[in-house]
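Participant: Residue numbers (this note's numbering), protein chains in the order written: chain A, 1 to 85; chain B, 1001 to 1209; chain C, 2001 to 2347.
Just so you know, these hints were derived from the structure itself, not from any lab.
Heads up, some of the hints might be wrong.
With a straight-line cut-off of 16 Å between C-alpha atoms, the simulated EDC-like cross-links for lysine to aspartate or glutamate are [as the list claims (entries may be wrong)]:
hint, chain 1, residue 1, chain 2, residue 2
1, B, K1148, A, D46
2, B, K1148, A, D67
3, B, K1148, A, E58
4, A, K63, A, E78
5, A, K70, B, E1133
6, A, K70, B, E1137
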Amino acid sequence: MSALKWVAVAAAAAAAFGLAGCGEHEQVVVYKQGKYQGKPDTLPWDNAPLAWGTAKWEKGNEKSWEDELKSRTQNQNEYVRIQHY
Amino acid sequence: MARMKFLCDAERCIACNGCTTACKNENEVPWGVNRRRVVTVNDGVPGAEKSISVACMHCSDAPCMAVCPVDCFYHTEEGVVLHDKDLCIGCGYCFYACPFGAPQFPQAGAFGLRGKMDKCTFCAGGPEPDGSEAEFEKYGRNRLAEGKLPLCAEMCATKALLAGDGDVIANIYRERVTVRGKGSEVWGWATAYGQPKGGQKPAPQGAKS
Amino acid sequence: MSNLGRIVGPIAVIAALALAGAAQAQTAPGTQQQLIQQQQQRRVEQPLNNAPVWKEVRSGRPQFTSIPGRETNVLIQSSGQTWRALRDGPITQYGGWLLVIVVLAIAGFYFVRGQIKLHGAPTGRMIERFGGFDRVAHWSTAITFCVMAVTGLIILFGKLVLLPVIGYTLFAWLAALSKNLHNFVGPLFILSLLATIVAFVRDNLPQAADLKWIATAGGMFGGREVPSGRFNAGEKGWFWIGVVILGIAMSVTGLIMLFPNFDQTRATMQLANIVHGIGAALFVALGLGHIYMGTLGVQGAYQAMRTGYVDETWAKEHHQLWHDDIKSGKIQAKTEEGALAQMQRQH
Ligand code: HEM
């Protein structure tokens, strides 16, 4: 009867595993730093600005990096660029 | 918090494909893969021709992410959709799902052998140390980590293609529309970013799929 | 999605998908020519209003691009969302539940009914039930089927079931292995499947006796088994619905996805995937039933396919008409007696 027991255990395990798949899972994984279990990605503002670059922000300060990018985005705006000349 | 988006102004795009070329060069994109492309609607018809530059739009509710069997996609804090090539199995499902045809594969795919998916990263690299050789080889340049914006938009000659924080580029565009007086369609935003939710500024009025 | 959306959505979406593939070029709001004329007119009357162009874009019709590649000239495709809603919605949910319920039902049936044993004593006279070709065809199909089922289910459900348990790195490795096994064993499965159909089609043709078998569910719930030919109606159901219809459907849709290098459109592959997914759930569900009946469910069934021989008592109890035909000489079948038969039986 031990073979049958094995089958019963395997069937129960399969059922349990299958059951886990039947819930209403949120399939969209929202990335949260440290929560996504895949390989971690570093945050852009955790880098030091390139020594020779024009971009300047304070390493590790998200706000300063965003401000830098926002002002850089204005390079795409002629109404701002025209005023420089 | 910044929410990175692309915006293409159909009144300005002249289909020069400069964005496509710049992207290929900056990211040293593999053969056969173009992360960005320009599509011309009603090509050659006077008075009805419009061009749009399209790449991954970094959707809020990204279909690629939802269908990926190995869950290799993630949103960065800036709303950029990136993926881990070490996990990718090359099944092609993201290509089935994507409205914009963004995911590309380096191989033709007999027996489903497509290689690892490649797509626009908003010049934000991928899950490797920022600026590392590994990151560059797999995903291309990480310009965000250098305090820069995607090259396609930054070098766009007519500034048809805008890239940056969604609110900022929406404002730039709104200003243009005000000057022009009309024509405020923002192509692709409704599909990519959906209906504006609380806290998020709505897309410029008259947004079209 | 709201709860209502979960129910109504898929239905709307199935209809939409059916349309998307066939009538992609025609269902657009106006032909390209009409939209061009509207746009040209509008440009004069309301400069900067490009609504007809956006309509043209939404039609999903190919435009112009200088970038080579599949459908690079389509700016936006909407059927991807439809496909996603179906695959991640009903196919994953109902498919998953179906498999769980089937496993539980089989387990329940086993504990209530137990194994169907031989009533009479074995005679020691063995009748050949499956020849060499039959068995080779059956087992190559069986083995490749199991490989396809396990690897396919990993691709569909692994993310929900295995990934949280074994983590990203290991699961990605397993998924890549599954995908490659699925893709390369697939063609072998198709060949085995065809061989199986050839081997068993003749004795699976419907007979008058099948009606009675169906009416009483084979006598499963009480008393005697209904007499049947070489295969009973239940087995014939599995043959026609499972092996033939689902097997061929899985093969065709699988091949469409397997060779994306023939430039079939995304809509075609989405449709193939949907059919493949629905078929997979049904095929595996039926397959589980078949595997149960062929191993645990009926004493001697597994030995029959393994050695090719059954005891005369087994034949008489489970396939009486077949047994009678052999006895009367209407069907020629090899028989074994004595020492060899003893050996076969003990296998
Ligand atoms: C026993 C029969 C089969 C079963 C149970 C089965 C099951 C599955 C399942 C569950 C999926 C995942 C669907 C999804 O994630 O949406 C899948 C995908 C797929 N199947 Fe099958 N399948 C079978 C036969 C075949 C055959 C005969 C072929 C081709 C010759 C094939 C080719 C594919 C392909 C190409 C995919 C897409 C994923 C990939 O590239 O690996 N399948 N199958």
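Participant: The structure should be examined with respect to each hint, and the outcome stated for every one.
Facilitator: Do the hints match the structure? See the list:
no.: 1; hint: B/K1148 x A/D46; result: holds, 14 Å
no.: 2; hint: B/K1148 x A/D67; result: holds, 12 Å
no.: 3; hint: B/K1148 x A/E58; result: holds, 15 Å
no.: 4; hint: A/K63 x A/E78; result: violated, 25 Å
no.: 5; hint: A/K70 x B/E1133; result: violated, 28 Å
no.: 6; hint: A/K70 x B/E1137; result: violated, 28 Å
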